[in-house]
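Number of protein chains: 2
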Amino acid sequence: MQVSEAIRLKRAVRKFQDKPLPDEIVRAILNAGRRSQSSKNNQAWQFIAIRDKEILKVLSQCGEWAGHIAGAALCVAILTPEPTAKFQTMFDAGQAAAFMQLAAWELGVGSCPASIYEAEKAREILKFPAEWHLRIALSFGIPLDEGKLSAPLKKGGRLSLDEVVHWEKW
Amino acid sequence: MQVSEAIRLKRAVRKFQDKPLPDEIVRAILNAGRRSQSSKNNQAWQFIAIRDKEILKVLSQCGEWAGHIAGAALCVAILTPEPTAKFQTMFDAGQAAAFMQLAAWELGVGSCPASIYEAEKAREILKFPAEWHLRIALSFGIPLDEGKLSAPLKKGGRLSLDEVVHWEKW
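Keeping their order, the protein sequence lines are chains G and H.
First residue of the first sequence? That's -17 in the numbering used here, and the numbers climb one at a time after it.
First residue of the second sequence? That's -17 in the numbering used here, and the numbers climb one at a time after it.
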């Protein structure tokens, strides 16, 4: 799948088939995140790849809109240093997340980011050390509705180019 | 270009040919950013697309490592709401930046993010209102060394999968 096509068609998928992802797809997704750009090549991230149904379920209760994690075939928790210390930290996490989601989409795998508001509850479950923090986790899986992978663009889903872009100055 | 290939080959480009980018490429890059995922579909971003050499030069002086902006054919300033108020803000900016950079790469256009440390100086130049903030701007252009677009992977540029990934728990 071409980059432009993936970007054009990619949409959030929150409902997944109850079907595991092959190991090579899981690794391709994680590798895409690992290869992503980061500020000064700091790679200030660690990923926890979760397929255990019980852990997925508990993690899905760590954010008001994180319920989709429970039904995911794979969740990637993106750990970062303290998120507010540097503005690059969450920016770089976002770049890694986008790479993982586009790589997944090409392989027929849908995804959606979830905000983790109950960060300390998540820490208890996943046992990561104090210097790492979890704010965003990504759900992955084969879309329950596979038609989503090639569905036409919804009208009105995004601001128009004119609403978003200024030329030369504001 | 396939998504996986773009992700595998994409690297930072900071030196560009002194050659303008066609309008359709500029629009394709901006559209990729606009289409990117955002928390609750907030699309909490505005982009300033800059091609004016004088503005590029002054903006390149707003960050210690932002010098590459001066030689860019296009700079996209990613404006966000106050970056520390929500952790999703810079995460979403990062997702949009990744989409723009991968879309550009497929079109033979290199890029690099620059941190804008002198945010108020940037505001004076670009005239954006108080509720918007600029922390990251992206340089785009045809790589001075076009070989960069298909160069083999450098060894040691990234942490290995084993250094980055934990399985199920930390």
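Mixed in with the good hints there might be a few duds.
Since copy identity is lost for identical chains, a pair holds within one copy or between any two.
Said to hold, decoys possible - Quick list of in silico lysine-lysine cross-link-like pairs, DSS-like style, CA-CA up to 30 Å:
{"#": "1", "residue 1": "K35", "residue 2": "K130"}
{"#": "2", "residue 1": "K35", "residue 2": "K151"}
{"#": "3", "residue 1": "K137", "residue 2": "K35"}
{"#": "4", "residue 1": "K(-3)", "residue 2": "K68"}
{"#": "5", "residue 1": "K130", "residue 2": "K22"}
{"#": "6", "residue 1": "K151", "residue 2": "K109"}
{"#": "7", "residue 1": "K35", "residue 2": "K136"}
{"#": "8", "residue 1": "K109", "residue 2": "K136"}
{"#": "9", "residue 1": "K103", "residue 2": "K130"}
{"#": "10", "residue 1": "K151", "residue 2": "K103"}
{"#": "11", "residue 1": "K137", "residue 2": "K103"}
{"#": "12", "residue 1": "K39", "residue 2": "K(-3)"}
{"#": "13", "residue 1": "K68", "residue 2": "K103"}
{"#": "14", "residue 1": "K137", "residue 2": "K22"}
{"#": "15", "residue 1": "K22", "residue 2": "K151"}
Hints are computed from structural coordinates only; laboratory data are not their basis.
Taking the hints in turn, this is what the structure says about them:
no.	hint	verdict
1	K35 x K130	within (24 Å within a copy, 43 Å between copies)
2	K35 x K151	between (50 Å within a copy, 13 Å between copies)
3	K137 x K35	neither (36 Å within a copy, 36 Å between copies)
4	K(-3) x K68	between (34 Å within a copy, 26 Å between copies)
5	K130 x K22	between (37 Å within a copy, 19 Å between copies)
6	K151 x K109	between (47 Å within a copy, 6 Å between copies)
7	K35 x K136	neither (32 Å within a copy, 37 Å between copies)
8	K109 x K136	neither (40 Å within a copy, 33 Å between copies)
9	K103 x K130	neither (33 Å within a copy, 44 Å between copies)
10	K151 x K103	between (44 Å within a copy, 13 Å between copies)
11	K137 x K103	neither (38 Å within a copy, 38 Å between copies)
12	K39 x K(-3)	within (14 Å within a copy, 47 Å between copies)
13	K68 x K103	both (24 Å within a copy, 19 Å between copies)
14	K137 x K22	between (38 Å within a copy, 17 Å between copies)
15	K22 x K151	both (28 Å within a copy, 28 Å between copies)
Of the numbered hints listed earlier, those contradicted by the structure are 3, 7, 8, 9 and 11.
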